[in-house]
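Chemist: For what it's worth, this note's numbering labels the leading residue of the sequence shown as 1, then goes sequentially.
Hints in this document: simulated from the structure, not taken from any laboratory.
Everything numeric in this text was worked out from a predicted model, so none of it was measured.
Hints may be right or wrong, so weigh each one.
Calculated pairs, DSSO-like style, for lysine-lysine (alpha carbon to alpha carbon, straight line, at most 30 Å) [to be verified]:
1. Lys111 to Lys177
2. Lys142 to Lys111
3. Lys33 to Lys288
4. Lys22 to Lys288
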Amino acid sequence: MRAVIAERNGGPEVLELKDIPKPVPGIGEVLVKVEAASVNPFDAQVRRGDYAAYMPTPHQLGVDVAGTIEAVGEGVDMLAVGDDVFYSARVLSNEGGYAEYHVEQAELVVKKPEGVSFVDAAALPIAASTAWVCLIERGRLKTGDRVLIHGGSGGVGLFAVQIARLTGAEVVATSRKDAQELVESLGANVTVDYRAPDALDQLAEKSNGGYDVIIDLVGGDTIEKSLSLLAAGGRVVSIVDQPNPQSLYAGWGVNAEIHTVFLTSSAERLMRLGSLTARGLLKTVVEKVLPLEQAAEAHRIIEAGGRTGKIVLVTS
């Protein structure tokens with residue numbers, strides 16, 4: 001089978017399409033004929049070597065998968081050959097979705113809802129699940145809350161805006177100027193151009209006394225700046241590595257909570273997100289679809305920034 005392999009860490013040029021043996025499902029596993037696999041910033045971090053201590057080369061990339069079950073291992077009874085499915089692979093232990101076939105534990109794999117394409121299904125797992133965890137599981141967002149989403153026009157951000165609006169929250173999001181219309185169409189009450197010199201002042205003015213939940217999808221000193229915008233008892237939730245110290249002093253007076261999120265796979269969560277998508281309540285925004293052999297180009301696009309939505313690789 002064909003698969004994208006990184007023999008060493010480095011730039012996008014290290015990604016090579018190679019012929020490797022087709023995997024065989026073990027006990028409790030399924031073999032999936034991959035139709036689509038989306039590309040995430042995490043994939044680029046792995047390729048660069050950010051997680052080299054956990055993932056020595058050579059390795060395969062790709063954690064978002066959609067396809068059809070071709071074989072099942074012993075002990076699998078909830079899924080069958082021919083089922084269309086989607087899932088996120090176990091992060092840091094079972095990547096490999098940029099391939100024609102992939103094996104994963106059956107308990108993490110869910111049936112793809114009818115009417116949802118393989119491309120859209122592949123765009124869901126990591127990005128939509130991350131948004132859900134940040135807002136619902138860690139942020140405890142509820143109807144009437146005020147939420148600020150830093151990075152509302154990215155892959156995770158577009159899902160976060162929609163989930164927050166479905167929850168009944170008042171949604172403020174930062175965005176590139178050219179994406180503000182899209183972000184507002186998906187549910188943001190207000191958008192602020194993050195490049196504006198007075199962006200922080202605008203966010204403070206629109207907070208109506210402080211945000212209950214603030215989602216950091218951009219990193220840098222976003223946590224430090226966000227703490228001054230929190231309501232009493234507010235939560236800041238970040239998905240970004242925090243290599244540099246930040247002052248947390250502004251969070252002391254409001255009894256702030258600070259959460260950092262590293263996503264773990266959940267079939268139950270994916271079933272909920274798949275159902276919302278099938279019902280038209282959650283939309284995927286796919287910016288570009290590329291063939292598997294253009295994985296390196298997909299990584300160049302990811303690392304260039306300024307994207308709106310997801311990039312998806314297809315096997316045929």
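Chemist: If a hint holds in the structure, say so; if it doesn't, say that too.
Modeler: Hint-by-hint comparison with the structure:
Between Lys111 and Lys177, the direct Cα distance comes to roughly 37 Å. Violation of the 30 Å bound is thereby established for this hinted pair. For the suggested pair Lys142 and Lys111, the alpha carbons sit about 28 Å apart, so the restraint of at most 30 Å is met. With a C-alpha separation of about 21 Å, the suggested pair Lys33 and Lys288 falls inside the 30 Å cut-off, and the hint holds. Restraint check for Lys22 and Lys288: the C-alpha separation of about 28 Å stays at or below 30 Å, so the hint holds.
Checked against the numbered hints above, the structure violates only hint 1.
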